[in-house]
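Using the sequences and the accompanying hints, generate a full structural model.
Same order as they appear, the protein sequences are chains R and V.
In terms of the numbering used here, the first sequence opens at residue 1 and continues consecutively.
In terms of the numbering used here, the second sequence opens at residue 343 and continues consecutively.
There may be inaccurate statements among the hints.
[To be verified] Okay, the calculated bits of chain R under chain V, using three or more residues with CB under 8 Å as the criterion:
hint : region
1    : 117–131
2    : 271–277
[Stated by the list, open to error] Keeping only pairs whose Cα atoms sit at most 30 Å apart, straight-line, the calculated DSSO-like set for lysine-lysine is:
hint : chain 1 : residue 1 : chain 2 : residue 2
3    : R       : Lys177    : R       : Lys133
4    : V       : Lys430    : R       : Lys322
5    : V       : Lys411    : R       : Lys336
6    : R       : Lys175    : V       : Lys396
7    : R       : Lys322    : V       : Lys396
8    : V       : Lys396    : R       : Lys177
9    : R       : Lys323    : V       : Lys430
10   : R       : Lys177    : V       : Lys411
11   : V       : Lys398    : R       : Lys177
12   : V       : Lys432    : R       : Lys322
13   : R       : Lys18     : R       : Lys177
14   : V       : Lys396    : R       : Lys18
15   : V       : Lys432    : R       : Lys323
16   : R       : Lys187    : R       : Lys224
17   : R       : Lys336    : V       : Lys439
18   : R       : Lys183    : V       : Lys411
19   : V       : Lys398    : R       : Lys175
20   : V       : Lys410    : R       : Lys177
21   : V       : Lys410    : R       : Lys214
22   : V       : Lys410    : R       : Lys336
23   : R       : Lys336    : R       : Lys282
24   : R       : Lys175    : V       : Lys430
25   : R       : Lys175    : V       : Lys432
26   : R       : Lys339    : R       : Lys282
27   : V       : Lys411    : R       : Lys214
28   : V       : Lys432    : R       : Lys336
29   : V       : Lys439    : R       : Lys175
30   : R       : Lys282    : R       : Lys313
31   : V       : Lys432    : R       : Lys339
32   : R       : Lys278    : V       : Lys411
[Claimed, not checked] For the chain R half of the interface with chain V, some residues (derived, Cβ under 8 Å), not all of them:
hint : residue
33   : Thr246
34   : Leu298
35   : Ile302
FYI, nobody ran anything at the bench for these hints, they're computed from the structure.
Virtual Cβ for every residue (Gly too), placed ideally from N, Cα, C.
Below, each chain spelled out in residue letters.
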Amino acid sequence: MKPRRRSIYQRILDEIEKEAHIHPNYADLQNQFALLLMVEGEMERAEVHFLKALRLNPKYREAILNLAFLYMEMRRWKKAEEILLPEVKRNPRDGFLHHVLGILYLQTGRQKEATVRIRKAIQYHSHYQDYYKKKGMWQRGTIHLDQKAEKALKKVHLDPYAQFHNFIGLNLAQKGKFAQAVKELKKAAGLKPDEFIFHANLGTVYYYQGAYSKAIQEFQKALKIDPLYGMGYANLSYIYGLMSRTQEALRYMEKAVQLNPRYADLHYNLALLYNDRKQYKKAFFELKKALRINPHYLFARINLGVLYEDQKKWKEARREYKKILRITPNDEHIQKRLKRIS
Amino acid sequence: MLKEDFVIQANIRQMLTRTEINVSQIEFGTVRGVVYIRGTFQFSRSDPSWDSDKAKDFTAQTLYSLEKKIRRIEGVSDVIFQLNNWRKEKGHWFHVKIIKREEKNET
Chain R
1 MKPRRRSIYQ RILDEIEKEA HIHPNYADLQ NQFALLLMVE GEMERAEVHF
51 LKALRLNPKY REAILNLAFL YMEMRRWKKA EEILLPEVKR NPRDGFLHHV
101 LGILYLQTGR QKEATVRIRK AIQYHSHYQD YYKKKGMWQR GTIHLDQKAE
151 KALKKVHLDP YAQFHNFIGL NLAQKGKFAQ AVKELKKAAG LKPDEFIFHA
201 NLGTVYYYQG AYSKAIQEFQ KALKIDPLYG MGYANLSYIY GLMSRTQEAL
251 RYMEKAVQLN PRYADLHYNL ALLYNDRKQY KKAFFELKKA LRINPHYLFA
301 RINLGVLYED QKKWKEARRE YKKILRITPN DEHIQKRLKR IS
Chain V
343 MLKEDFVIQA NIRQMLTRTE INVSQIEFGT VRGVVYIRGT FQFSRSDPSW
393 DSDKAKDFTA QTLYSLEKKI RRIEGVSDVI FQLNNWRKEK GHWFHVKIIK
443 REEKNET
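Written out as structure tokens, the structure reads:
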């Protein structure tokens with residue numbers, strides 16, 4: 001590792017250690033701290049903090065998986081298996097868990113059990129078929145381990161490292177260090193290209209940076225992996241909005257609302273898009289939906305009042321403004337609007 | 343021609359996420375070019391070495407600069423801040439204590 005890189009990691013490790021010390025009961029911090037320790041090679045200390053995270057939140061999936069990966073790194077196969085088996089029992093259709101167990105069994109020479117798990121991984125997530133084929137481990141429904149496949153096998157359990165780069169990338173992005181964040185997130189996506197969240201995070205950082213076409217590309221990659229990732233469509237809509245390409249913005253926001261019908265904010269944004277295109281009927285509909293979800297959504301109510309005013313529906317406009325003044329009685333703008341139509 | 347509200351809204355969203363302002367504590371909306379910002383204005387992280395006066399000065403400066411930036415967005419005709427911990431009076435930002443509901447009820 002280059003010294004400059006090393007110092008970034010060390011600085012973040014120190015920060016998280018301090019935070020974990022201040023907030024010892026935050027499972028998230030314990031998990032992050034343990035992950036950083038693990039990548040630094042401090043396996044025993046990492047184990048202590050993963051276990052602490054799990055004591056605080058026994059259902060914390062990320063910490064469970066990280067601990068299993070740690071044990072696999074430490075070649076404590078039995079321990080890793082003990083963690084993964086109950087998880088797979090809880091989530092029998094989780095392809096990733098079957099995949100990890102398959103890898104564990106392959107590493108320990110239990111090919112028969114590995115085959116069962118890999119078959120299940122493929123059954124629940126078709127992506128794994130291509131994955132094993134590409135690695136040369138899967139041919140005609142059975143496992144093949146030649147020299148090339150053996151070599152590939154040694155590199156397969158890289159998930160915690162991908163998580164690590166993802167975490168570092170997000171941490172740097174929070175500090176506004178976007179260029180460094182992009183480097184880390186690219187590493188994460190490179191290690192685990194099928195993980196939609198890495199592409200989504202990369203897209204978000206490009207979006208913050210103002211690199212819109214790269215952001216669009218990454219969100220589209222994320223959506224290809226997980227087409228039900230509604231916020232990905234919303235982010236694409238915001239990016240097209242920034243580019244003043246409202247036709248595309250509208251298309252993506254409609255999709256985002258369709259996938260997340262309970263998000264008042266998305267209905268509000270969709271209403272703005274309809275309103276801008278003078279599709280007032282649809283704008284009314286979306287604003288009312290936003291208000292049904294969150295009756296205190298002030299901006300939606302202001303927009304609704306203004307729309308009623310446009311339609312010369314004074315009574316309805318007054319009703320909306322009065323509702324707003326019940327929440328914010330000192331809102332001079334609304335007072336003025338109400339006075340004008342009273 | 344007025345810039346579309348959605349475009350303004352998207353610009354504000356990006357502007358806020360690029361700062362250290364705690365966006366989970368504020369809401370924003372755009373109504374025919376008028377931008378509304380409501381909620382509690384605070385930072386997601388602060389420098390522990392700062393005393394309360396320095397932190398207040400920095401927050402006030404951030405509010406001035408935020409308002410300036412928002413007004414520079416094409417199509418924005420006004421910016422209305424409805425913050426419960428900061429108030430602008432005669433062109434100056436003042437920190438105001440948040441009165442909790444229970445305290446209010448007691449008086």
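Structure-based check of all given hints:
1. 117–131: Our answer is that it is violated, as 0 residues pass the Cβ test (under 8 Å) against chain V, missing three.
2. 271–277: holds (count 4)
3. R:Lys177 x R:Lys133: Violated: lysine 177 of chain R and lysine 133 of chain R sit about 38 Å apart, past 30 Å.
4. V:Lys430 x R:Lys322: holds, 24 Å
5. V:Lys411 x R:Lys336: holds, 26 Å
6. R:Lys175 x V:Lys396: The hint holds at about 20 Å.
7. R:Lys322 x V:Lys396: violated, 40 Å
8. V:Lys396 x R:Lys177: It holds: about 24 Å lies between the C-alpha atoms, which stays within 30 Å.
9. R:Lys323 x V:Lys430: With a Cα-Cα distance of about 25 Å, the restraint between lysine 323 of chain R and lysine 430 of chain V holds, given a limit of 30 Å.
10. R:Lys177 x V:Lys411: holds, 21 Å
11. V:Lys398 x R:Lys177: Holds. Lysine 398 of chain V to lysine 177 of chain R sits at ~25 Å (cutoff 30 Å).
12. V:Lys432 x R:Lys322: holds, 28 Å
13. R:Lys18 x R:Lys177: OK: lysine 18 of chain R and lysine 177 of chain R at ~21 Å, within 30 Å.
14. V:Lys396 x R:Lys18: OK: lysine 396 of chain V and lysine 18 of chain R at ~23 Å, within 30 Å.
15. V:Lys432 x R:Lys323: holds, 29 Å
16. R:Lys187 x R:Lys224: The given pair, whose Cα atoms are some 19 Å apart, holds under the 30 Å limit.
17. R:Lys336 x V:Lys439: holds, 27 Å
18. R:Lys183 x V:Lys411: Satisfied, since the Cα-Cα distance of roughly 29 Å is no more than 30 Å.
19. V:Lys398 x R:Lys175: Holds. Lysine 398 of chain V to lysine 175 of chain R sits at ~20 Å (cutoff 30 Å).
20. V:Lys410 x R:Lys177: holds, 24 Å
21. V:Lys410 x R:Lys214: holds, 29 Å
22. V:Lys410 x R:Lys336: Given that 30 Å is the threshold and the Cα spacing comes to 24 Å, the pair holds.
23. R:Lys336 x R:Lys282: Measuring from Cα to Cα gives roughly 27 Å; hence the hint holds.
24. R:Lys175 x V:Lys430: holds, 28 Å
25. R:Lys175 x V:Lys432: This hinted pair is violated, its Cα atoms lying about 33 Å apart.
26. R:Lys339 x R:Lys282: Holds, at roughly 28 Å.
27. V:Lys411 x R:Lys214: Holds. Lysine 411 of chain V to lysine 214 of chain R sits at ~25 Å (cutoff 30 Å).
28. V:Lys432 x R:Lys336: holds, 20 Å
29. V:Lys439 x R:Lys175: Holds - the C-alpha atoms of lysine 175 of chain R and lysine 439 of chain V are around 28 Å apart, at most 30 Å.
30. R:Lys282 x R:Lys313: holds, 17 Å
31. V:Lys432 x R:Lys339: holds, 24 Å
32. R:Lys278 x V:Lys411: Given that 30 Å is the threshold and the Cα spacing comes to 28 Å, the pair holds.
33. Thr246: holds, 6 Å
34. Leu298: With a closest approach of 7 Å, the leucine 298 of chain R hint holds.
35. Ile302: Result: holds, 5 Å to nearest chain V Cβ.
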